[in-house]
Structure formats: C-alpha cells, structure tokens
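Undergrad: The primary structure of each chain is shown beneath.
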Amino acid sequence: MSKDEHSAYNYLRHTKKFPNVWCSGCGIGIVMSALIRAIDRIGLAKDDVAVISGIGCTGRMPVYLDFNTMHTTHGRALAFATGLKFARPELKVIVIMGDGDALAIGGNHFIHAARRNIGLTAIVVNNSIYGMTGGQHSPTTPLGSRAATAPYGNIEPPFPVCELAAAAGAAYVARSTVYHAVELDRYIEQAIRKNGFSLVEAVSYCHTTFGRMNKLGPAVEMMRRLKENSVTKAAAEKLAPSERPDVIVRGVFRDEDRPEYTALYDEVVRRAQGAAGASVRSAGGAG
Amino acid sequence: MPAITEARPAAHKGPRGRVVIFGTWCKGCGLCVEFCPTGVLALDQDSHPIVVAPEKCTACHWCDTHCPDLAIVVQPLEVAR
Chain Z
1 MSKDEHSAYN YLRHTKKFPN VWCSGCGIGI VMSALIRAID RIGLAKDDVA
51 VISGIGCTGR MPVYLDFNTM HTTHGRALAF ATGLKFARPE LKVIVIMGDG
101 DALAIGGNHF IHAARRNIGL TAIVVNNSIY GMTGGQHSPT TPLGSRAATA
151 PYGNIEPPFP VCELAAAAGA AYVARSTVYH AVELDRYIEQ AIRKNGFSLV
201 EAVSYCHTTF GRMNKLGPAV EMMRRLKENS VTKAAAEKLA PSERPDVIVR
251 GVFRDEDRPE YTALYDEVVR RAQGAAGASV RSAGGAG
Chain D
1 MPAITEARPA AHKGPRGRVV IFGTWCKGCG LCVEFCPTGV LALDQDSHPI
51 VVAPEKCTAC HWCDTHCPDL AIVVQPLEVA R
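Quick mapping for you: the protein sequence lines, in order, are chains Z and D. This note's numbering puts the first residue of the first sequence at 1, with every later residue one more than the last. This note's numbering puts the first residue of the second sequence at 1, with every later residue one more than the last.
Please note that the accuracy of each hint is not assured.
[Claimed, not checked] Distance condition first, Cα-Cα at most 30 Å in a straight line; then the derived BS3-like pairs of lysine-lysine: (1) Lys233(Z) x Lys215(Z); (2) Lys27(D) x Lys46(Z); (3) Lys27(D) x Lys227(Z); (4) Lys16(Z) x Lys46(Z); (5) Lys215(Z) x Lys194(Z); (6) Lys56(D) x Lys215(Z); (7) Lys227(Z) x Lys215(Z); (8) Lys56(D) x Lys27(D); (9) Lys17(Z) x Lys92(Z); (10) Lys16(Z) x Lys92(Z); (11) Lys46(Z) x Lys17(Z); (12) Lys56(D) x Lys16(Z); (13) Lys194(Z) x Lys233(Z); (14) Lys92(Z) x Lys215(Z); (15) Lys27(D) x Lys17(Z); (16) Lys46(Z) x Lys92(Z); (17) Lys227(Z) x Lys56(D); (18) Lys233(Z) x Lys92(Z).
[To be verified] Short, incomplete list of chain D residues facing chain Z, as computed with Cβ under 10 Å: (19) Trp25; (20) Cys26; (21) Thr38; (22) Ala71.
[What the hints assert, rightly or not] Ranges of calculated distance between the beta carbons of each label pair, as one might list FRET restraints: (23) Leu77(D) x Arg41(Z): 15 to 25 Å; (24) Glu78(D) x Lys215(Z): 27 to 37 Å; (25) Gly144(Z) x Gly23(D): 18 to 28 Å; (26) Gly134(Z) x Asp46(D): 23 to 33 Å; (27) Asp255(Z) x Pro76(D): 16 to 26 Å; (28) Asp46(D) x Asp257(Z): 47 to 57 Å; (29) Asp257(Z) x Thr24(D): 45 to 55 Å.
The hints are simulated quantities; they were obtained by calculation from the structure and are not laboratory data. Yeah, the Cβ is synthetic: ideal placement off N, Cα and C, and Gly gets one too.
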C-alpha cells in the first residue's frame with residue numbers, strides 16, 4: 001500500500017522512524033493518531049505547531065511527528081514549552097507527557113503552568129506506571145496495585161489529574177480513554193482551540209509492566225476493561241458515591257475563559273515601554 | 001415534515017469500506033481483530049491480521065482510529081443508493 005492512502009502520513013516522519021518503538025498494542029500510538037486527527041481537522045499548517053515532550057514512553061511521540069518538535073529532559077517539557085510560547089506566542093504549542101513525567105518529576109511545572117494559564121495544550125497519557133524504566137509505581141498508580149517498587153501493593157493514593165489541573169486554574173480540562181479515541185480527538189481539538197492552559201488526560205494502559213504485574217491480561221483485555229469501566233460525567237452523577245472511585249469518568253470538567261499569560265505579559269511590556277519612553281522624553285526636555 | 005416521495009431501496013448489501021493493512025508497520029497486537037464489530041479481520045498463523053470477510057466492512061473506522069501502529073486504513077467505498 002502506498003503511504004499516500006493514509007491521511008495521517010502527511011504528519012509523520014514515516015520514511016525513517018517507523019514502525020514505532022512502543023510495545024505491540026500500546027495505547028500511546030492511539031493518542032498520537034487522535035492528535036493528528038485533531039490537528040488535521042483544525043487545519044493547522046505543520047510549521048504552526050510545536051510538539052514538546054519530556055522523557056518516557058510518551059516522550060517518544062515527537063520523534064514520529066513532522067512538526068516543530070522538542071524532546072526535552074524528564075519532567076521539564078512544560079518549562080521548555082513555556083519558554084517557547086514566550087518567544088513565539090503565535091505557535092500552537094502542544095505538550096505531550098506521561099503521568100510520571102507530568103505529575104512526579106514535573107509536578108511543580110504542571111501546577112504553575114495551570115495557575116498562570118499560559119496558552120499551552122497539555123496532553124497527559126496516563127498509563128498508571130513508569131513503563132519504560134521497568135514498572136516503578138507512579139503518582140497515578142491505583143491504591144493497592146502492584147508495581148516493581150510496590151511488590152506488596154501500592155499504599156499511596158493516586159493523583160486525580162483532571163481535578164488537580166482544574167484546582168490549579170487550568171482553563172480547559174477534559175478526560176477520555178484510548179478506547180474512546182473519537183471522543184479523545186474531539187477533546188484534543190477543543191483543547192488546541194482554547195486560548196489558555198488546557199489539559200486533556202488520555203487514560204491508557206501498560207500491559208507490558210502494569211498489566212503483567214497485576215495479572216490484567218494482554219492489550220486486548222486492558223482495552224476491554226477501559227470500555228467497561230468508564231462512564232460519562234452525566235452517568236457518573238447517577239452512581240452511588242461508593243461506586244464512583246472504581247470508574248473512569250469521561251467528559252469536559254472545566255471550560256472557561258480567563259486572561260492568557262503571554263497576552264498579559266505583552267501588556268506589561270507595552271506599559272513598561274510607555275513609562276520608559278515618557279522618562280526619556282522628560283529627560284530630553286529638561287536638557 | 002417532508003413527504004416521502006419514493007420508496008427506499010432495501011438495505012445495501014456488500015462492503016462500504018476497503019480495509020488495507022500496512023504489514024511492515026503492524027506488530028500484530030490483535031486490537032483490530034478483537035474489536036471489529038462485523039468480523040472482517042482475523043489473525044493468521046503468524047498472529048498478523050488479514051482480511052477474511054471484506055464484504056462485511058461497514059466503514060465504521062474502529063480499526064483505523066484505534067491502530068497503535070497507524071498500520072491500517074479503511075477507504076470508504078462509493079455506495080449506490
């Protein structure tokens with residue numbers, strides 16, 4: 001088959017980087033194709049998009065995407081992206097992170113990017129574990145699950161990613177799963193269109209480490225579990241409070257307009273230049 | 001409410017899409033085979049997906065939106081109405 005037949009191939013570095021590095025059946029590839037569909041639907045030119053990532057399985061994604069890309073240090077994807085957004089505010093900056101990358105090593109960058117409401121689109125691929133380094137528990141590993149560093153069960157409660165971002169001040173917050181790939185690309189599209197910090201949590205799975213250590217079966221079984229264990233926001237409100245922690249709630253949790261950080265910063269620059277210009281003029285008039 | 005001016009033909013028989021698998025990118029995870037609602041695909045002895053029932057494809061695009069390797073495409077076919 002010719003590569004011209006797939007609409008995504010225009011956005012891929014398909015001549016040298018494929019097949020991709022992820023394990024057979026990994027959900028990260030599904031998030032990547034959802035991101036491509038979202039960008040294709042908005043109709044952005046490839047030069048107007050920048051994709052930034054940190055380290056980890058998810059951090060490999062910009063390697064395959066033919067946009068302006070940066071593969072940065074662990075946890076600092078949002079810090080690099082903040083700098084890029086300052087230098088080139090007209091770019092659509094998309095930050096791809098895993099759960100450990102975004103919430104453990106980069107946890108401070110995450111809450112402060114949300115607090116500032118800087119115009120970035122953050123996509124957190126949540127597979128509940130550090131997959132690439134061998135299955136250490138992460139800030140989103142469910143309570144009681146086994147991991148390489150929690151062989152008798154995890155005793156730390158997980159971070160609720162969307163609630164954390166909303167509490168920190170993000171303008172747009174949504175969650176979907178890789179089973180609901182069409183819903184996921186709709187949320188990513190809305191997030192990219194939003195002027196402000198927008199977060200999409202893509203709930204995925206790691207069958208290679210998390211699935212094996214918790215006896216959850218191959219990728220197909222974990223995908224079916226996402227289908228059966230997730231409900232929409234409206235359906236979750238009808239559940240009994242005791243049932244709610246066991247399900248993945250999908251939907252848009254916040255969508256509001258707040259002043260965007262780079263616009264406010266430009267305003268400060270203008271004000272400072274005006275004050276400086278006035279003082280230069282008054283100094284010249286006195287001399 | 002628009003009046004019905006002509007009788008609708010019977011439900012369309014035959015495929016609505018053509019499934020193409022890009023074999024060198026596929027890692028054989030089996031998601032497309034497992035979740036295809038009409039059973040167009042099956043795994044061969046090397047656990048790679050093959051099209052076994054092309055006439056059943058409804059072009060729902062489950063397989064090409066969920067392929068982690070971007071190794072499958074459904075090309076919509078023109079359906080005579």
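Undergrad: Each of the hints needs a verdict: does it hold here or not?
TA: Hint by hint, here is what the structure shows:
| no. | hint | result |
| --- | --- | --- |
| 1 | Lys233(Z) x Lys215(Z) | 29 Å, holds |
| 2 | Lys27(D) x Lys46(Z) | 28 Å, holds |
| 3 | Lys27(D) x Lys227(Z) | 22 Å, holds |
| 4 | Lys16(Z) x Lys46(Z) | 18 Å, holds |
| 5 | Lys215(Z) x Lys194(Z) | 40 Å, violated |
| 6 | Lys56(D) x Lys215(Z) | 35 Å, violated |
| 7 | Lys227(Z) x Lys215(Z) | 18 Å, holds |
| 8 | Lys56(D) x Lys27(D) | 24 Å, holds |
| 9 | Lys17(Z) x Lys92(Z) | 24 Å, holds |
| 10 | Lys16(Z) x Lys92(Z) | 25 Å, holds |
| 11 | Lys46(Z) x Lys17(Z) | 18 Å, holds |
| 12 | Lys56(D) x Lys16(Z) | 35 Å, violated |
| 13 | Lys194(Z) x Lys233(Z) | 21 Å, holds |
| 14 | Lys92(Z) x Lys215(Z) | 40 Å, violated |
| 15 | Lys27(D) x Lys17(Z) | 15 Å, holds |
| 16 | Lys46(Z) x Lys92(Z) | 10 Å, holds |
| 17 | Lys227(Z) x Lys56(D) | 24 Å, holds |
| 18 | Lys233(Z) x Lys92(Z) | 28 Å, holds |
| 19 | Trp25 | 5 Å, holds |
| 20 | Cys26 | 8 Å, holds |
| 21 | Thr38 | 17 Å, violated |
| 22 | Ala71 | 8 Å, holds |
| 23 | Leu77(D) x Arg41(Z): 15 to 25 Å | 23 Å, holds |
| 24 | Glu78(D) x Lys215(Z): 27 to 37 Å | 47 Å, violated |
| 25 | Gly144(Z) x Gly23(D): 18 to 28 Å | 41 Å, violated |
| 26 | Gly134(Z) x Asp46(D): 23 to 33 Å | 29 Å, holds |
| 27 | Asp255(Z) x Pro76(D): 16 to 26 Å | 32 Å, violated |
| 28 | Asp46(D) x Asp257(Z): 47 to 57 Å | 53 Å, holds |
| 29 | Asp257(Z) x Thr24(D): 45 to 55 Å | 46 Å, holds |
Of the numbered hints listed earlier, those contradicted by the structure are 5, 6, 12, 14, 21, 24, 25, 27.
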